[in-house]
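Positions 25 to 196 (the numbering used here) are the ones given, in order, by the sequence shown.
Do not take every clue at face value.
[Claimed, not checked] Listed next, with one range per pair, are the computed distances between beta-carbon atoms:
1) G145 x L103: 22 to 28 Å
2) G191 x G142: 23 to 29 Å
3) D166 x A70: 37 to 43 Å
In case anyone wonders, no lab produced these hints; they're calculated from the structure.
Model, not experiment: these values are computed from the prediction.
Backbone N, C-alpha and C define an ideal beta-carbon position, used for all residues, glycine too.
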Amino acid sequence: DLAGALQGFDAVRAEDPGFLPSRVYRAAARALGGGDLAAARAAWLAVPPEAPEPPDARLWLGLGILLADDEGGPAPFRLAIPEFDAARRGGPETARLAEAALAFLRGAGAEAESMLEGVPGWVPALLRGILACNRTPLALGDARVIADFTTVLDEGPPALWVWNNRGLAREM
C-alpha cells in the first residue's frame with residue numbers, strides 16, 4: 025500500500041540521506057498513489073541534473089500526469105509530453121518506455137503497443153493498460169489487459185485508476 029511504500033522509502037533515506045532514488049521513487053509513489061502531484065513534481069525536479077536519476081524522474085512525472093486527477097477530471101495528456109521527451113535521455117529501458125508513451129500521445133497506439141510487447145515489469149504493464157483504455161473499441165475484456173492491471177497492482181504503487189479499470193476489464 026502507499027503508506028507502506030512511503031515508509032520503506034523513508035527508511036532508505038534514513039540509512040543513506042544522499043541516496044537520490046529513494047527521493048525520486050517516494051515522489052513517484054505519492055503521485056501515482058493519488059497524492060499531491062504538484063509536490064511530487066517539485067521533488068522530482070529537485071534532483072540535481074548531473075545525477076543519473078533525472079530521466080527516470082521525468083518518466084515518473086509523465087506517468088503521474090497521465091494518471092492524475094486535475095480538479096475532478098483527467099489532466100491534459102499534453103502536459104506529459106515534455107516529461108517523456110526529457111526521459112528519452114535516460115538509459116535504454118527508460119528511453120524505450122518514454123518513446124512508447126510519446127507514440128501513444130502522438131496517436132500512434134499500434135506503434136506504442138509494439139514497443140511494449142513482451143516487456144516485463146509494472147511500468148510497461150501500466151502503459152499497456154493506458155493504451156487499452158484509449159483504444160477504439162475498448163480492449164478491456166482481453167485477458168492480457170487484466171493480467172497487466174494485476175501486475176501493476178502487485179508490483180507498482182497503488183493507483184485508483186488501475187483498480188477501477190481492472191474491475192471494468194473483468195466485467196467486459
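Structure-based check of each hint:
no., hint, result
1, G145 x L103: 22 to 28 Å, "holds, 24 Å"
2, G191 x G142: 23 to 29 Å, "holds, 26 Å"
3, D166 x A70: 37 to 43 Å, "holds, 39 Å"
Every hint from the earlier list agrees with this structure, and none is contradicted.
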